Structure formats: structure tokens, C-alpha cells
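Asks: First residue of the sequence shown? That's 1 in the working numbering, and the numbers climb one at a time after it.
Think of the hints as simulated: they come from the structure by calculation, not from any bench.
Wrong hints could be hidden among the right ones.
The calculated lysine-lysine pairs, modelled on DSSO-like cross-linking and capped at a C-alpha distance of 27 Å, are [said to hold, decoys possible]: (1) 356 x 379; (2) 426 x 403; (3) 485 x 503; (4) 13 x 102; (5) 760 x 712; (6) 714 x 703; (7) 328 x 294; (8) 423 x 620; (9) 470 x 567; (10) 24 x 36; (11) 655 x 712; (12) 66 x 102; (13) 695 x 712; (14) 712 x 470; (15) 655 x 585.
What follows is a list of derived Cβ distance ranges for each label pair [what the hints assert, rightly or not]: (16) 567 x 167: 54 to 60 Å; (17) 146 x 24: 30 to 36 Å; (18) 549 x 519: 22 to 28 Å.
Keep in mind that this is a model prediction, so the values were computed, not measured.
C-beta: ideal position from N, C-alpha, C; glycine also.
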Amino acid sequence: MKNQIQDFPLDIKISFHKIIDQYKDLIHNEHSSIAKSYMEDVLDYVSSFPKLVEGLDDPEDLNKYKDAIRILLDDLFPNILTNNEIKAASLPFHNIVFNSTKRLKGILANAGEDFELSIRNLDEDMFYVYGCILILNHHYGYTIDFSRPLYYDIPDANGILKHYKIALNADFIDITPTETAIDITEEDVDLLIQNIDDIDLWRKMFPPLSWIFRGFTITNLIDVTVDDAISELKTTLLHPETSDQEELLKFKEIFQSIYKVSDLRVGFTVFNKREMVFERMNTKNAHSFILHDKLVNDCTTGICSTSFQRLIEDQTYFTIANIDEYSKLNDNNLLVQNLKANDVKSCILAPIANDKELLGILELVSYRKNELNSINAIKLDDVLPYIVTAVERNRNEFENRIKAVIQSECTSIHPSVLWIFEKEAKHFINDLDEDGLASFKDIAFKDIYPLYGQIDIVGSSEARNVAIQKDLLHQLELIDTIINKAYEIEELPIYDQVRFRIKEFEDDLHENLNASSEQKVFNLLQREVNPLMEHLTNQSEELTALVDEYQDQLNPETGVVYNHRKKYDETVQRINRTMARFLDKSQIEAQKIYPHYFERYKTDGVDHNMYIGPSLAFNKPYNKVYLYNLRLWQLSTMVEMENRFYQLQKSTPMKLEAASMILVFNSTLSIRYRMDEKKFDVDGTYNARYEIIKKRIDKAYIKNTEERITQKGKIAIIYSQSSDEREYLRYIKYLQTKDYLGDNVELLELEDVQGVIGLKAIRVNILYHPDETSTDKSITYEDLVDYLSK
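Can you make the complete structure from the sequences, with help from the hints?
Replies: Given below as C-alpha cells:
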């Protein structure tokens, strides 16, 4: 196309083929003879202008076909709206408009003869990238979102710069490749979207004029001059560098200007939804007419029922045009008393609320009656959204300060108990601001039921030791091969001595691998082998190649072979990461049962603690049925974790086995947050028995046997009370109907361990699903082993 930008991926041809095709489709489905006849006449008329379909190469030709284009686009540009809409047909990113409405023509005429349309803040590189993304979306079917606000800045007849937001419609375009176009793969797209600023890459993938654009776009302009002005006001009003006092002064000046009341005063009161109270803003400079001289007040008694309804429930303005008259009917109202104490004669109370909740109350007060009323309250509509932003920012900053105190004093806190830490943090901040002295108190919860579970890797220590043994033996074999080759070249006694030492270490590793074995081999390498390797690299090319091959297999940080251990470590890490992620995700649903404290930690497997009780949840009724629900959730989740464990084995470097266990504790206990250790722990000597059981139970044996209670392919439920046994047998029976558990249910007694006596266990076999998609097919552990070995 003549006069188009050459450095652009699209070769643009102005074509109206798509709208013509749309007319043809509409004719077949149109039942009105009048409408059908009209469309046929339009098509008959434009058929004499084949260039409208073929495409115009020169925008100058638009003037030649302007009547035909106007008739063709009449449905898109109805004449009845031409004085109202700011609209035109256009070419993407070229600032060329045609078939404009009368209103747009008038706007451009007032801008002056020398004015040229130009999109604000769109540089040449981004202009090119946008053209490429247009190709990806329209030709390849991607949905890459590259939308951003685009604006034309156009002066009016008085020279005032007005701002128009651009809305583009691209329904009437086709994009096709030329012979020079490069076929774009999914890998190319992955690379491109990660390198938006690499313009050379985009030009390489989309050479200039390598694609053909046929069609036109429709541009709608929206006058946002007032919005821009308010945005500037917002920038001034909510500048992050302003102090609290400066910000409040700006609020006051703005509202005095809006209402033309020189002595108008502004206040603000925070609304605490959780405790249903009004609170003073955290800055000392902020005034509250609702609270007057109080720090906190119950919102149900602090304001009357009408204002409560309008402000808190309906979140609409509440106005009192004449305080003196209002007080005759509401003299005992605390709000009225506080307003009269400040000599207020009229006021507007405006709710500051985002889409989710009420944040606070903006208070505008006047010393004269009727000066503030329900009519001029509407003036707040334009500025209130920005006050909401300011309040949210202020609240977020205060909450961040609270979180910083909690983080500093308590480390990370589970969301279920965050409320009490926030409460203590507020006391901490208030004490600190008051006299510079503050201490964070210990936090305790009483009458809590604990739940504990673990999925453990069976024989993890043995598996890791075997991996270490294999790596060390392999490294010694590599060294032995090199020394033998060196001895063939040069029969030095030192080579024979090193071979003897290697044989000695190999025999020792085969017979007795212990904690010191690795260190002994490491010392051998450091003192005898590594210096020798440096010597051998200078003896022959063959030895140099062998030494290089040996060193390539070493871990650069430790200097030892790290193959089998790497497989073990990677397998354990993947298992723990997957188990922890699954448990965390499942916890989201568990919290919906009843808010409870949860923590999990990774060892050779994943352990978790849960605590549930009325003192943990804020103002939420508690019933023991929530405990039963959570216990059933825990049991079913542990079974699902076992399934995830083995489903993962298909892709892990090593095959490992799991054993799962749940500990049932029938009595309640107390937990306390230890400030020195920054974690929750059971509180009191009696409750310590629970922690003792947790630490020792997975090593317990079945009474009068040498068999551990935890076994692969089964889940063990440890308990002490008959009521617990009956409860969990019900859960097991239910999960058997769901194909979670098998029919092999064992009731066992445990050997007494130090400090723990009288424990029993239910042990039941787990049914497995070979993969996540085969949930309708369950197999036993033995079948699972066969499946994984294939």
C-alpha cells in the first residue's frame, strides 16, 4: 500500500470482502422482504466496484470510492447516530481514518489543518510487536492479550487538549502469509512472549511486509477528558510520598473546594467487620466525629438503626441536614451527642467500600444547617473511588506493619490463627507508639483436639546407604581402571600401592558400610588419589582422556561420584514436593469443614499436625461433628497421598515404598505458641505425653512379634480408646465402599515403648489406582508392584 509504513510486518490492503460476505449470509436467513431487498440492492450496487473486494493499495483511492463505502458501511455507521458517535473506519496502527461520523469530522476540523492523528505513548518497536501479535491471534488462533489503553490527544477549537480512548473492532480483517513469511511454531511463540523487548527477534520471525492484511477496522473514540483530570487529581491526592498530615490536609482542601464551604471539616472512622466495631484511624492526625474522643465503639450502639442500615448494610450515604432537629427524635443517640459536641449542624456520612467490604466511613461536617444534605452528597460520586484507593493503601500499609511485627516476633503463622496474632500485634503497636515499650505475649489455645499423620518412605536410610555404597564403589572402580592403565605404561611402586589401598577400601565397603565410610574414602581421594591424577594427566593422551572422563562424573562441589545418590535425592525431593503440594491443596477444602490449625513438614516423607477446637476459630460455633469430619477427611486424604506416591513412581529415577500412619488422641490438650522457638507446641506436662507418642510410635512393634506396626501397602491407625476403634471402623467401612480400602482389616495391640503403654492399632490394606485417570479401577499393593515393574 502506498504511503504506508515500510517497517511493519503487514502489507495492508483496504478490503471490504468480509462485510460483503456477511451481507450474502444474512440474505439467506432474512425473512423480511424489505430488509432482504435492501441488502440485495446494496450488493448489486457495490458489485460494480470490484476493487472494494480485491483491496485498495493506496489510501488516496478511498476518496474515489467514498460513496460506495458509505453505502456498504451504512449498517455499521447509522446516519441517525452520526452526530453522537465518535467513530470511523480505520487501518490498524496507521492513524488513517475514513467514513467518519459527523461528530468525529467536526472534532478533527476543530483541531486545525496541521493536526495529525497520533496514538499516545506507542513507540515504533511496540508498534511493530503489536502488528506481529495481530498475526499470531488472527492467523494462528492464539489469544495473546495485548490490550492496553490507547489514546488520541486532540485539541479543540479553543486549544484545550482533549483526550479520547480508542476502542478497536477487528471483525472485518483477514491475515495471510506471503512467500517471505516464516511459519511460526509453538516453540517460537514461547520464545517470543518471553522476549517482548527483543525487537530484533520479532523482526526475524516476522520480516517487514511478509504478511498480507486485507480488510479494515472500526475505531470508536470515547471522550475521557474528565476521567484524565480526575486521574491527575488522584495522583496528587494519593501520592505515596505525602505524609499522613499532608494527605489529610489535601482531603480537606478538596472537599472544601467541591462544596464551596471554607470551614468544612473532614473525618474518617475505620470499620472493623470481624468485631463489628468502629475504630480510630491509625494516624494520630485523623479525626473521627463518630467516635469523638473514644478509640473504639460498638457500631450497633455508636450509630442509630437507620444510619446502621444505610452505611453498613446498604453502603449508601447517610445525611443529616439539620442536627438540631434530628436530635429531638434521637437525643440519646451516641452519634448525635458526638456531633453536637463538635458543634456540627449538618453532615454527610459516606461509606468507603470496595467490591468486597466496607472499609470505613468518610465524615463531612459543617457548622451550618442544610449546608450538607442528601442532594449535594451526590458530588462525592466522582471522587469517592479514589478515596477508597487511599483508604485501602493506608489499611494495607497498617496491615503490612502488623504482619511485619508478627513475622519478626512469631515467624510465619497459619491463616486459621492469624486473627489472634493480628490482635496481639495491634496491642504491640499501640503500646510501642504510646511509650516506646512493648512485648508480644505468648498465645495459647485450650481444649484442642490434635490430629497427626505421616507418610514415610520405607527403609529410607538403607536406600540412601545403598546409593552411597554404589557411588563410592563405582568411583573406586574408575580410579582402579586409570591406575591399571598407568601401571601398564610405567611400573611405579606408588601405582601398585594405590591399587592395594583401593582394593582394601572396596572390601571394606562391601562388608561394612557405616557413617565413617564416606569420610574415609574422601580422605583417600584428597591425600593419595587427587595428587596422582594431576600427575597422570601429563603422562599420555590416553591417560588424560581417562582422567577427564573420570572427573566428568564427579560432583564439582564434593569431588565424589554423585549418581545413585542424586537419583535417590531427586526421587525423595519429588515425592516430598508432590505429597506436600497435594496435602496443601487438599487443606483448602479441609478448612471449609471448620477452621483449624495445620502444619506440615518434610523429612523422609511428609508429616502433618492439625489442631481443632472452639478457641482456635474466631466467633464460630463448634460441634464435635467437625472433628469427626476432619478425621474422615484425614484418613481419605492419607489414602489419596499413598496413591499419588506410587503414581509418581512411573517417572522417578528410583522406586521407593511408603508406609502411612495416623495417630488418634482421644483427649483434648492445650497448645502454646513458644515465642523463643517461634512455633506451636503442646502445653503442660500431661499434654507432653502426646508428643512422646508421636516421636516413638512409628518405631513400635506389634505385641509379641518382631513386626513393625507401619507396613508398606497398609495404613495404621493408632489409638487407645474403644470409642476410637468403633469410630474408625465406621470410617473404614465407608471408604471400603469407595474402593479406597481393602477387606484385610487387622485389630492389633502394640508393644509398650518407653513412656507409652496400652496402645492399639487398626491396620487395613490400601487399594490403589494405577494412575490419576483410572479412578474407577482399584488394585491391591501386590498388583501395584507388578504394574510398576513393567
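Asks: With reference to the structure, classify each hint as holding or not holding.
Replies: To see whether the hints hold, each was checked on the structure:
The hinted pair formed by residue 356 and residue 379 meets the criterion: a straight-line CA distance of about 23 Å does not exceed 27 Å. Only pairs whose Cα atoms come within 27 Å are accepted, and residue 426 paired with residue 403 is accepted, the gap being roughly 10 Å. Restraint check: the Cα-Cα separation between residue 485 and residue 503 comes to about 16 Å, which is no more than 27 Å; the hinted pair holds. Between residue 13 and residue 102 the alpha-carbon distance is near 25 Å, which keeps this suggested pair within the 27 Å criterion.
Distance check on the hinted pair: residue 760 and residue 712 sit about 19 Å apart at the alpha-carbon level, within 27 Å; holds. Pair hint residue 714 plus residue 703 holds up; C-alpha atoms about 18 Å apart against a cutoff of 27 Å. With a C-alpha separation of about 24 Å, the suggested pairing of residue 328 with residue 294 holds against the 27 Å cut-off. Restraint check for residue 423 and residue 620: the C-alpha separation of about 17 Å stays at or below 27 Å, so the hint holds.
For the suggested pair residue 470 and residue 567, the alpha carbons sit about 12 Å apart, so the restraint of at most 27 Å is met. Straight-line distance between C-alpha atoms of residue 24 and residue 36 comes to about 10 Å, which keeps the hinted pair within the 27 Å bound. Of the pairs offered as hints, the one joining residue 655 and residue 712 holds, with about 13 Å between alpha carbons and a cut-off of 27 Å not exceeded. Between residue 66 and residue 102, the direct Cα distance comes to roughly 15 Å. Compliance with the 27 Å bound is thereby established for this hinted pair.
Simply put, residue 695 and residue 712 have alpha-carbon atoms about 19 Å apart, close enough for the 27 Å limit, and the pair holds. With a C-alpha separation of about 25 Å, the suggested pairing of residue 712 with residue 470 holds against the 27 Å cut-off. A distance of roughly 25 Å separates the Cα atoms of residue 655 and residue 585; the hinted pair therefore holds under the 27 Å criterion. Range check, residue 567 to residue 167: Cβ separation about 57 Å, and the 54 to 60 Å hint holds.
Range check, residue 146 to residue 24: Cβ separation about 32 Å, and the 30 to 36 Å hint holds. Restraint check, residue 549 to residue 519: a C-beta distance of roughly 26 Å satisfies the suggested window 22 to 28 Å.
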